[in-house]
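There are 4 protein chains.
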Amino acid sequence: MEDNQSDAGKGTTMKSTIGNQLHLSLFGESHGAAVGVVIDGLAPGIPVHPEFIQHQMDLRKPKGKISTQRQEADQVRILSGVFEGMTTGTPICLMIENQSQQSRDYAKSKDLARPSHADYTANEKYRGYQDYRGGGHFSGRLTAPLVAAGALCLDLLKSKDILIGSHLCQVAGIEDDSFSADFKQLKEEISRMNETYFAVLNPKAQQKMQEAIEQARKQGDSVGGVVESVVLHLPAGVGEPFFHSIESTLSQLLFSVGAVKGVEFGDGFALARMTGSKANDPFRMENGRVVTSTNHNGGINGGISNGMPIRIKTAIKPTPSIYQPQQTINLATYENAELKIEGRHDPCIVHRARVVLDSMIAIGLVDLLIERYGLMWFAGDPK
Amino acid sequence: MEDNQSDAGKGTTMKSTIGNQLHLSLFGESHGAAVGVVIDGLAPGIPVHPEFIQHQMDLRKPKGKISTQRQEADQVRILSGVFEGMTTGTPICLMIENQSQQSRDYAKSKDLARPSHADYTANEKYRGYQDYRGGGHFSGRLTAPLVAAGALCLDLLKSKDILIGSHLCQVAGIEDDSFSADFKQLKEEISRMNETYFAVLNPKAQQKMQEAIEQARKQGDSVGGVVESVVLHLPAGVGEPFFHSIESTLSQLLFSVGAVKGVEFGDGFALARMTGSKANDPFRMENGRVVTSTNHNGGINGGISNGMPIRIKTAIKPTPSIYQPQQTINLATYENAELKIEGRHDPCIVHRARVVLDSMIAIGLVDLLIERYGLMWFAGDPK
Amino acid sequence: MEDNQSDAGKGTTMKSTIGNQLHLSLFGESHGAAVGVVIDGLAPGIPVHPEFIQHQMDLRKPKGKISTQRQEADQVRILSGVFEGMTTGTPICLMIENQSQQSRDYAKSKDLARPSHADYTANEKYRGYQDYRGGGHFSGRLTAPLVAAGALCLDLLKSKDILIGSHLCQVAGIEDDSFSADFKQLKEEISRMNETYFAVLNPKAQQKMQEAIEQARKQGDSVGGVVESVVLHLPAGVGEPFFHSIESTLSQLLFSVGAVKGVEFGDGFALARMTGSKANDPFRMENGRVVTSTNHNGGINGGISNGMPIRIKTAIKPTPSIYQPQQTINLATYENAELKIEGRHDPCIVHRARVVLDSMIAIGLVDLLIERYGLMWFAGDPK
Amino acid sequence: MEDNQSDAGKGTTMKSTIGNQLHLSLFGESHGAAVGVVIDGLAPGIPVHPEFIQHQMDLRKPKGKISTQRQEADQVRILSGVFEGMTTGTPICLMIENQSQQSRDYAKSKDLARPSHADYTANEKYRGYQDYRGGGHFSGRLTAPLVAAGALCLDLLKSKDILIGSHLCQVAGIEDDSFSADFKQLKEEISRMNETYFAVLNPKAQQKMQEAIEQARKQGDSVGGVVESVVLHLPAGVGEPFFHSIESTLSQLLFSVGAVKGVEFGDGFALARMTGSKANDPFRMENGRVVTSTNHNGGINGGISNGMPIRIKTAIKPTPSIYQPQQTINLATYENAELKIEGRHDPCIVHRARVVLDSMIAIGLVDLLIERYGLMWFAGDPK
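Chains as they are written, first to last, in this note's numbering: chain X, 10 to 392; chain D, 10 to 392; chain H, 10 to 392; chain R, 10 to 392.
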């Protein structure tokens, strides 16, 4: 912990690029001209549905009192890689111009590092040259192009009957019901969640969660939660050993979302308290297919899918932007200071984060599926 | 979940390669000629200490009744990249020849997929061509070269006073004490854990854990646990935004270890139940340095280090190799079958996994530190 | 050569991404909405000079009778990564909107594969889904964002006194004088070439070349040539062994430019006719510095710079778009056909390609310099 | 050129890793314990033929008076990734132990930088920590594992009827005949060259070349040459745009071989003197297949294969190890010095380099073919 300040003089770069087969290159800042992403590696001949992209963008948008009041049209402009409604096979650039740029809120307190935000760490890393307005490149706004990219991937997976869905299994300490173990019902629940803005299975839990968020907002405070995601119909044999296992691939993507602080697969931390005889999932044949009787391992053995549903839980910390006075330091003088955040902020982002997590999972799985089956698997028939 | 079998006819590759700055290329199988790793990207002029490598290898070795009876010399042979005791700056190949290859144990039951192992999934992925003996490339044996590579990285970090240590904070449901919040004491605890084979802070907890493991062994069963790791003195400003954040980088590496099913940073899943006013870590100046009053976020803001200790918890599932009869399928006939595992297996691998996790964390941090400071930071002075 | 058609049914992706340290992700099509590039990996605090970017764009623009009549403003819009005139250290997106989109020229003959263009090969690769207008993603127009990215890199190198310059050493069979062997004069020549649109050292050769181009234009034909490039003041010790040697790195980038069909370093193919005693460059000390008496190897030994000028020659084939009738096939019917190209085309692109090659060299060297010195070398001082 | 010495204090890494789909990680030094390569990304179920690997190793071995007298068994040991004669789909490590380590030859003159070798540049780069014996990691000996890896790839390509062959089209100024334009005869010539140690089409040219080499040897001198390579039956549509075009991919690999100073595709530098009407290759249908009437572009349009033979010429400089006294500097004192090389060296390496170039081409094409068709294309049928 010594010397953390003395290396403020060291500069470096950042790498907002991911993917072995499907390359994503993310760009933009919260209050810059635009945010966007270049997607390199999708097959030609895939239909692109702008209305589905917009549907996903809308799930991420702030709505009502439980969200920030910043309003962005979030209209996705396709700059390249799509021709006559289909992917060409060449890089796709998706761009969203920023419209609501109230930068003056930030200039006022630009030297006061917001606790648990990237203000201090980015200042250390970028030597003070970072765009400090609204978190710059570290803003949650950067998840907008990721949702757009994720929409392309979700669409692609759906064309192979691979379905992804999530619900808020806990918000502000209030628990939702679990996803059903019955595949037919689970499929219906996924479908319902994908159409719901505040994705909770149990309506009563939903109401209590929203009340708790409203309560936190009134107190100038914020709350967090846990998102449970499930992937249905992923074929067995997907995922690479070691560094590109399903867990490695998806956790890297999920943890890249700002507020995520924990990820577990299957029964996760609960597995660590079981015995092997309880934790092992016995194989058996069912209607000519291989299944497991239980699914404690979340559909993954040795990093590779076994054909059962992939189960993931992701912990989202409470939004760090709160309106209560906070102790901090001044980055210009390195003296203690008090901060009172103004501007427009979310008392809870768990419900908005849900669609971001779905997108990250979809991006990771498309990457692994291309690695496994090659591009042909997704391409359109020859014209 | 349909069709998981029908694509048994699709082949693919695997990628046992990792790292943006420090490239690791892992190879080998449990019962093949050798396991090893090529490390490309270390600076020249770094002293290599074979005795420290061996010390780390010994922490990973099975010992006593609580481990497998397979005994390997695990002598690491340096094939390249080290000259007159120093790194040359060119690729380092570390190789460990396999000696104890009792393959016959496996041939007998090679078609019976061991539940929660990679037998079924690897068979799907590799079309039946995988080396099935002892899990082949998916064996825990592959962590031996990772520990050797990690030893180089741990040594390198130590030369910069960056210290990594772990303890078993839970095994078989028995909890250890927490790491101290006091930096001086924490440093001493890290040092102590790094010299201890069964790394538990509280001797009573240690004894109970070992009794529980012994108990599980007698029942032909196994247990899991949680490892808590801490990184001390990591400078502020390390980590890249998004896909190469500290959390993304380390979780990718940690989840690549076979038995890991959950990873959290700072208070992790517990953060998801806090309010922002509790979860935020206020900054303040202390003896001319920036510190935070609490450390709920585990020393990471926006994916970048803030100079406070990095805190990580990793969930390890119980070893899937148990001696009780298990239901499974026959991979040759796709019929239900019963399996009774023989051979030599661990009733618990949490204590052996500890040094593997330390190694993965070290590898990830060296990668990020090179990205931040360039190679010069680690290189020896010109000869 | 058999079966080249039968796999028309196989689709695939493309990867328009490059760089180990400095990631470039290129996007766009000739007649799409925009072309652009995301540059990830530049240090923070580097001054960005839009007027220099525009200067370079102007060197690439068609001018006069010796070029295509397509006129584009080629105004580079910086979408991200630059704040208050300086790089932030986060990804830079440079976008150029397409304005002059006379697509109808192409629709007419879209099924007639232009010989030596990518029409047929892209149709095979992308199953007919490629944007065929003006070559789509394969158009020379994609070199515009590369020149913009190259301008950032050239500027960066200049700040370290590393200078790149090129002249047309041969066009239409007419030879220019050679670059001077005297460093002071060479520096002056580089400077002069960097300000010259049609970069030829000898004015008489320049005039003859332009006459030959004009002649070719009148005949509906085209001509090619050779560009000689030189890099001055590159420190010794830059370049990686094997796959990332200076030659490997730069040739990969140079051959990515459409019309390039040959690359040589130092005396290149002429070296293959020398004896070792002639080809070797003896070392000696000169004013306390290491120099070589000759420079047949173009400043590179074992793939690494030795401090002498880097010398590169790049062969550019004649523009394939000619106005004479050509034999070809119809991609819709796979029958023989005759093609008469219309539209706006260059009778020679060697002079315009020059600045593209300079850009590619600059991009490659910044990549290798970051690998060698880390980012700090280029970063601005802490604010 | 200034300051090339002053940064002798800067250290860095090297990256001996290549490939987008097929990862190669090369390791070893000329006089270290072993040289080798890890190959990650080959499909499962591919038969491995050790005798073909050895056949290729033998083509690379020094033989007779025209080669170095260093004799190595060059026995390739397969450490992993092959099981029961087939690839498993997991990483393959090929290792060759060094036997003939006459290090004392080098210790004597270790501070005298051999002109046109990597001695000086490696010393700058690695701060003096490099293994100086016999060029260390920069030795031609490192091409041995590349030939072994190339053998796997050549074998793989052959299983798809994709054939690669080369001849020495010029050695010491003496020209060989050209490859035949007739496909049937070309196929026969490729086959013949692949069985010939000194691969020249015309026996008289062969004899003259060998006499010239012998002559150079007697004079303590060396000679260079040009290798012409051809790829037959590569399907149309292979290669990525821009940075991963066939030319970019293959040139990066070819230039990674130490002595290569020039690479051209099709008519290469000669194309730069043609007019477009001569240089363009008209398409036409022939027996239901697309062909071009001429092949000036070497089977590549826009970086992608068109189904015609790929044609490549590679310039190899004369071996820098000559026995005549040479002027150089002393790396310990930075003073002028005279060097007289001893030890065992080749007066010509063009004939031995041939099989290395074939290997590099094969490695590059397998990488591009996996990118295009996915792994399934190469995998064995399900067991």
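Worth flagging that the hints you see were computed from the coordinates, not collected in a lab. Some clues are possibly wrong.
Stated by the list, open to error - In silico lysine-lysine, DSS-like type, Cα no more than 30 angstroms apart, as pairs:
1) R:Lys-70 with H:Lys-287
2) D:Lys-72 with X:Lys-287
3) R:Lys-287 with H:Lys-213
4) H:Lys-287 with R:Lys-392
5) R:Lys-392 with D:Lys-392
6) D:Lys-287 with X:Lys-70
7) R:Lys-74 with X:Lys-392
8) R:Lys-287 with H:Lys-287
9) H:Lys-217 with R:Lys-392
10) R:Lys-169 with H:Lys-287
11) X:Lys-287 with D:Lys-169
12) R:Lys-196 with H:Lys-287
13) D:Lys-287 with X:Lys-213
14) D:Lys-392 with X:Lys-74
15) R:Lys-287 with H:Lys-72
16) H:Lys-74 with R:Lys-287
17) X:Lys-119 with H:Lys-72
18) H:Lys-169 with R:Lys-349
19) R:Lys-287 with H:Lys-70
20) R:Lys-287 with H:Lys-349
21) R:Lys-227 with D:Lys-349
22) X:Lys-287 with D:Lys-287
23) X:Lys-72 with D:Lys-287
24) D:Lys-70 with X:Lys-287
25) D:Lys-169 with H:Lys-392
26) H:Lys-119 with X:Lys-392
27) H:Lys-119 with X:Lys-349
Keep in mind the model is a prediction, meaning the values are calculated, not measured.
Satisfaction of hint between Lys-287 of chain H and Lys-196 of chain R, Cα-Cα up to 30 angstroms: violated (38 angstroms)
Given pair status - Lys-349 of chain H, Lys-287 of chain R, alpha carbons within 30 angstroms: Given pair Lys-287 of chain R, Lys-349 of chain H holds - Cα atoms ~16 angstroms apart, limit 30 angstroms.
Pair hint Lys-392 of chain D and Lys-74 of chain X, alpha-carbon separation not exceeding 30 angstroms: It is violated: about 66 angstroms lies between the C-alpha atoms, which goes past 30 angstroms.
30 angstroms limit on alpha-carbon distance, applied to hinted pair Lys-287 of chain X and Lys-287 of chain D: This hinted pair is violated, its Cα atoms lying about 37 angstroms apart.
Proposed proximity, Lys-213 of chain X with Lys-287 of chain D (alpha carbon, max 30 angstroms): holds (27 angstroms)
Restraint check for Lys-70 of chain D with Lys-287 of chain X, where alpha carbons must lie at most 30 angstroms apart: Holds, because 26 angstroms separates the two Cα atoms, which is no more than 30 angstroms.
Pair hint Lys-169 of chain H and Lys-349 of chain R, alpha-carbon separation not exceeding 30 angstroms: Status violated; Cα separation ~37 angstroms.
Pair hint outcome, Lys-74 of chain R versus Lys-392 of chain X [Cα-Cα no greater than 30 angstroms]: Measuring from Cα to Cα gives roughly 60 angstroms; hence the hint is violated.
Hint consistency between Lys-169 of chain D and Lys-392 of chain H [alpha-carbon to alpha-carbon, up to 30 angstroms]: Judged against 30 angstroms, a Cα distance of about 26 angstroms means the pair holds.
Restraint status (C-alpha distance of Lys-119 of chain H to Lys-349 of chain X at most 30 angstroms): Answer violated: Lys-119 of chain H to Lys-349 of chain X is near 62 angstroms, above 30 angstroms.
Hinted pair Lys-287 of chain R and Lys-213 of chain H, Cα distance within 30 angstroms: With a Cα-Cα distance of about 27 angstroms, the restraint between Lys-287 of chain R and Lys-213 of chain H holds, given a limit of 30 angstroms.
Holds or violated: Lys-287 of chain H to Lys-392 of chain R, with C-alpha atoms at most 30 angstroms apart: violated (59 angstroms)
Checked against the numbered hints above, the structure violates hints 4, 5, 7, 8, 9, 10, 11, 12, 14, 17, 18, 21, 22 and 27; every other hint is satisfied.
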